[in-house]
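**Q** Quick note: the sequence shown uses this note's numbering, first residue 162, plus one each step.
To be clear, the hints were calculated from the coordinates, so they are not data collected in a lab. None of the hints are false.
If you anchor each label on the Cβ, the simulated ranges turn out as follows:
no., residue 1, residue 2, range
1, S284, N223, 36 to 46 Å
2, D220, G490, 42 to 52 Å
3, G306, N368, 37 to 47 Å
4, N223, G307, 33 to 43 Å
5, V315, N485, 40 to 50 Å
6, G307, Q421, 15 to 25 Å
7, S392, S285, 30 to 40 Å
Pairs of lysine to any residue, SDA-like flavour, derived with a Cα cap of 25 Å:
no., residue 1, residue 2
8, K268, G222
9, K369, R390
10, K268, V339
11, K441, G306
We put the beta carbon where it would ideally sit given N, CA and C, even for glycine.
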Amino acid sequence: MHLLQSLALVTASLTLAIAQQSTPPANIYDTLAAHANNQTTTQGQTYGAFFGLVQRISDIGNPLKQGNKNRTLFAPTDDAFRKLNDSDPNGYQGLVNNTQLLTNVLKYHLLADNQYFDPTRVSSYRGFYGTELGKGQVVRADISGGRTTLTNGVNSSSTVGEIPASNGVIYGIDSVLVPPYGLNRTLASKDSTSELQTLLQQANLTNKADSLQYVTIFAPNNAAVQALRSSGANLSIAVVTTTIDLHIVPRVLYSTELPQTNNPVNVSTAAPGLNITVSKSGNDISVSGPGNQSPARVVEADILFAGGVIHVIDKVLLPNVNSNGTVQGVQGGAASQPNTAVDPKLPEDNTAQGPITGGGDVNNVRDVRNADSLRGLGGNGNGNSNSNSNGAGRAVVSSFGAVVAMAVTMIALL
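With these hints in hand, go ahead and build the complete structure from the sequences.
**A** This is the structure:
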């Protein structure tokens, strides 16, 4: 009899254990709430501060409860908010007091679909993921040395734990993610590009710079700008305009979309009719203008800003200048087609990069911008570099170069 009772108890215990193990996880919202209330913790982390912010914005909280669409949520830990308040005593309260800012920050922590960032699956990886903030805003994910780092290129955060949910996954992170800044503030925040930012400020062009959208900027570093200033070159406004425009590509090109082989590739720029040449040698990516005797080297890649991406280079890109001071190859109308596609392996759709696959570097990174926004730059909206760039967007980009040229000339005369 006692044996039967013992067997019954064991059976009941096993049944309960199996039932508990097979219970599916709750949705992201309820899972986050459980961790906020200390009912469950992952690696000793709690998320009460972040959950309190999520509760304030129904546009964020409600989708996290829905099971018809998977999502990935980056959840700053309570320690992350303590760190935020250490650097800015009004950091957390500033989010509470500003609904629009809070909404933007929360949306920057949310991705569509399940995105897995497992440092045990790849040794080295860089990818770009479209966020729910939209407007072409992405977060950069780097995996290296068994660690996953999320960044906008200026501020970064590391993952500290993975929490499964029925409608996606939560990644605990050790810092609050900040949406990319405008171009001016981004340049100012980097020590290597402060000279370029100072030039924009002196020329009263900070607002103009921040108006650029869906572009790639090859930004000369401080040494490159100083070298050009010290050369004493007496350049015409036309030459300076073209020089500025050579540094602007009217589409977003992350480093993973630049050439991954030693074959040089021509890329169209905001200078009508002129391309720059991008090539790779070993681990170095080089960029040349038509007038460069030796290429510039990309010394820091993938700095995100609100209008696209910045790659810092160690030389100024130059056009070919005729003896009479005019620029060779510049057309008065629409830009010519580039000689080759930016990269034959580039995808032509506008979807965000999917989950990490493969065992090494993954180069198939999608352009997350909206096709209609691309047309605003004079492109054809299909994500290709072969765009007929005679639209209003091209005028906006090129006029920026012209205004910079006039301002630089005026500053030089002071």
